[in-house]
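Student: All chains should be built: construct the whole structure from the sequences, respecting the hints.
Chains as they are written, first to last, in my numbering: chain A, 77 to 190; chain B, 394 to 504.
Errors might be hidden in some of the hints.
[As the list claims (entries may be wrong)] The list that follows gives simulated cross-link-like pairs (lysine-lysine, PhoX-like), each with its CA atoms no further than 20 Å apart:
hint, chain 1, residue 1, chain 2, residue 2
1, A, LYS120, B, LYS438
2, B, LYS472, B, LYS503
3, A, LYS85, B, LYS503
4, A, LYS120, B, LYS435
Treat the hints as calculated values from the structure; they're not laboratory data.
Here the structure is a predicted model, which is why all the values come from computation and not from measurement.
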Amino acid sequence: NAGVTQTPKFRILKIGQSMTLQCTQDMNHNYMYWYRQDPGMGLKLIYYSVGAGITDKGEVPNGYNVSRSTTEDFPLRLELAAPSQTSVYFCASSYPTVGTDTQYFGPGTRLTVL
Amino acid sequence: RKEVEQDPGPFNVPEGATVAFNCTYSNSASQSFFWYRQDCRKEPKLLMSVYSSGNEDGRFTAQLNRASQYISLLIRDSKLSDSATYLCVVNIFNNNNDMRFGAGTRLTVKP
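Tutor: Quick look at the structure:
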């Protein structure tokens, strides 16, 4: 199993550009998440999904969109990049049973917006 | 007050030392608790869950004090490979979409 994979690893965007961060998991997990981690800060939940076709906002959803058309994939879209979105983005997945809390993280995407 | 607070460190200790980290959380309704480990420029990985009765995994011991709303992690006989940032994580409603992460405590173990 590859686990959770993310692409790209690094990206530099100009203000106003858009991009999609890709996330795929091969563990058949129903739950998937997008977090951002700013320097010296804890991870903040952007969006999550409890299954294909179902998504919901987390703590910091503004400026982002997601979709979940398959169990495996959970892309994160930035429509109009802003410097405040400079961060490390982690995708994660977990078992479907509520209360089974282990989250498996991808290696992250380092995004810089200039 | 932050939802999950940790001493950012850094903690610099010699090999073989015992080191303890504390974490406090603000929501008394929080249901479950964890310690994750994050190596430099890597993703977080679960180190251990924290149970009310306390639990041990080799050199690592985690404890929970619900009355005082804090969680601790004790590392005995520190190894160089223990150098990392340790994240305290609190699940507020026992629901996977309510995990709140502390900013982490950085540990460096020196020879």
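Student: Taking the hints in turn, state whether each one holds.
Tutor: So, going through the hints one by one against the coordinates:
1. A:LYS120 to B:LYS438: Within the cut-off at roughly 16 Å; holds.
2. B:LYS472 to B:LYS503: holds, 8 Å
3. A:LYS85 to B:LYS503: Violated, at roughly 30 Å.
4. A:LYS120 to B:LYS435: holds, 16 Å
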